[in-house]
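All chains should be built: construct the whole structure from the sequences, respecting the hints.
These protein sequence lines map, in sequence, to chains R and X.
For the first sequence, this note's numbering gives the first residue as 15, with consecutive numbering after it.
For the second sequence, this note's numbering gives the first residue as 588, with consecutive numbering after it.
Among the hints, erroneous ones may be present.
Label pairs and their computed distance ranges (CB to CB) [what the hints assert, rightly or not]: (1) X:S670 to R:V127: 28 to 36 Å; (2) X:D589 to R:T40: 28 to 36 Å; (3) R:S75 to X:E602: 39 to 47 Å; (4) X:K647 to R:S98: 49 to 57 Å; (5) R:N67 to X:E595: 38 to 46 Å; (6) X:A640 to R:V127: 29 to 37 Å; (7) X:T607 to R:T34: 38 to 46 Å; (8) R:S68 to X:K643: 32 to 40 Å; (9) R:S94 to X:S645: 21 to 29 Å; (10) R:T125 to X:Q632: 20 to 28 Å; (11) X:F605 to R:P22: 21 to 29 Å.
Derived by calculation from the structure, the hints in this document are not laboratory data.
Since the model is a prediction, treat every value here as computed from it, not as a measurement.
Every residue gets a Cβ at the ideal spot worked out from N, C-alpha and C, and that includes glycine.
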Amino acid sequence: EADIYQTPRYLVIGTGKKITLECSQTMGHDKMYWYQQDPGMELHLIHYSYGVNSTEKGDLSSESTVSRIRTEHFPLTLESARPSHTSQYLCASSVDRPNYGYTFGSGTRLTVV
Amino acid sequence: GDSVTQMEGPVTLSEEAFLTINCTYTATGYPSLFWYVQYPGEGLQLLLKATKADDKGSNKGFEATYRKETTSFHLEKGSVQVSDSAVYFCALTQVQTGANNLFFGTGTRLTVIP
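And the structure:
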């Protein structure tokens, strides 16, 4: 039973459209993360947040932006989608405790045509 | 910096075969080690973890032992099933000031055939 929810699960959208991928968690976790997963399976951290009003860029440069206005909500926005943005996007959350690990959502598979 | 190196796949096994997926790590200090599994079309799920040397993590018939002397955390299962077909990720974390970021390996795809 998932405690972190991503919507939509699948999205096909035209080039130039603005999109927002939703991620919400009900666990009260302070830390949240966005990963982009390429077809070769590798995970790339693109954004993370340590709490409300905290956002940082990850290891992989991304044209997307994020916001963290509420603890439970960490949406990702693309202002103008391009085919190169086609990917799987995974959201995760964690507590600030050693050894806890991450809880992942089911992902959003985005296709830009 | 901290990193994880995983055995490259894909790995294809027959049902009931023995599975080993190798994972080695580079880290300063004393990391915690994890195995995550990703079933088709899903996100990652925590499979098992170990937080100190010589700890053994286990779940669903899978095991991995934290070996500090060889900096390894190999995943094993004695008898795989078709339902184990998935992508497996090794990961480590070190709690540093303000951080708790997981470093993932590149993933190993396992296919089990009947």
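Hints versus structure:
X:S670 and R:V127 have their C-beta atoms about 34 Å apart, which keeps the hinted 28 to 36 Å range intact. As the Cβ distance of X:D589 to R:T40 is approximately 30 Å, the hint placing it in 28 to 36 Å holds. Between R:S75 and X:E602 the beta carbons are some 43 Å apart, a value that agrees with the proposed interval 39 to 47 Å. About 37 Å separates the C-beta atoms of X:K647 and R:S98, a value inconsistent with the hinted range of 49 to 57 Å.
Distance hint check for R:N67 and X:E595: the Cβ-Cβ separation is about 41 Å, which falls inside the suggested range of 38 to 46 Å. Hint check: X:A640 to R:V127, Cβ distance near 50 Å, so the stated range 29 to 37 Å is violated. At about 42 Å, the beta-carbon gap between X:T607 and R:T34 stays in the expected band of 38 to 46 Å. Range check, R:S68 to X:K643: about 36 Å between beta-carbon atoms, so the 32 to 40 Å window is met.
Checked against the hint of 21 to 29 Å, the pair R:S94 and X:S645 fails, with Cβ atoms roughly 47 Å apart. The beta-carbon spacing between R:T125 and X:Q632, approximately 24 Å, falls within the hinted interval of 20 to 28 Å. Taken as a hint, the range 21 to 29 Å is violated for the pair X:F605 and R:P22, whose Cβ atoms sit roughly 40 Å apart.
Violated hints, listed in ascending order, are 4, 6, 9, 11; each of the other numbered hints is respected by the structure.
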